[in-house]
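Asks: All residue numbers for the sequence shown refer to the working numbering, where the first residue is 1 and numbers rise by one.
Among these hints, one or two may not hold up.
So the derived label-pair ranges between C-beta atoms look like this [unchecked claim]:
1) Ala-72 to His-143: 17 to 23 Å
2) Val-74 to Ser-177: 20 to 26 Å
3) Gly-85 to Val-119: 16 to 22 Å
4) Pro-117 to Glu-66: 21 to 27 Å
5) His-120 to Ala-184: 39 to 45 Å
6) Val-196 to Val-74: 34 to 40 Å
Treat the hints as calculated values from the structure; they're not laboratory data. C-beta: ideal position from N, C-alpha, C; glycine also.
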Amino acid sequence: MSWSSAPVLWPSAGLPVMDADASYRIDGGRVDTVRRHDRHARTTTIARGATMPSAPDAPTGKELLEVRSRVAIVDTDASGLIYYGAPYRWAEAVFSAWWAEIGHPLGAMFQTGWASPCVHSEAEYRGALVADDPLRLSLRTGHVGRTSFGFDVWIYRGDEDTPRVVTRSRHVHGKMSAVGDPTAGFSPQPLPGWLVEALS
């Protein structure tokens, strides 16, 4: 069971909208208790029993890249814990490094009109991380389809076996209508063989 103070928003799933001013006690993938905090330090239960989407307990998919880093002060908020958006920045850094490692850096792809924009992302906060904590980020293959694919980034504190955060993103591969102008339009295309091979 763990407490999380990160914002959790699932309005499309018919679940209550939860915000950053609340704490969530998670028990077996379900919201056991949600407490909303106001400036008078009152605590109120606002939801109980909502089913939460959850990453599996063990990584799945091929490990594509592992990167070691450290939690920087800029990645924390006033509480001393990581800011909820920091894992997205870490995941993007690992994602970009992987593209470069396989010989297709994102900048070069954009210059030729190809891109793999993210169409969905989410993060699950399973444990606390604070400034100067050592990080081990494991980029793994998620979904692989005809025109889309996914990445999971399992974020561990040092050499621990249990992740503190898991991010998931889904991307569509395709061609931009005008090179250098992502607002001009985008056409999904089948994943090229080199990308399927790198993800498999």
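Asks: Now, for every hint given, state plainly whether the structure supports it.
Replies: Consistency of the hints with the structure:
A hinted range of 17 to 23 Å is violated for the C-beta pair Ala-72 and His-143, which are about 31 Å apart. Taking the beta carbon of each, Val-74 and Ser-177 are about 36 Å apart, not inside 20 to 26 Å as hinted. Judged by the Cβ atoms, the range 16 to 22 Å given for Gly-85 and Val-119 holds: they are separated by roughly 18 Å. The hinted window of 21 to 27 Å between Pro-117 and Glu-66 holds, with their beta carbons roughly 25 Å apart.
Between His-120 and Ala-184 the C-beta distance comes to about 22 Å, which lies outside the given range of 39 to 45 Å. The given range of 34 to 40 Å is respected by Val-196 and Val-74, whose C-beta atoms sit roughly 37 Å from each other.
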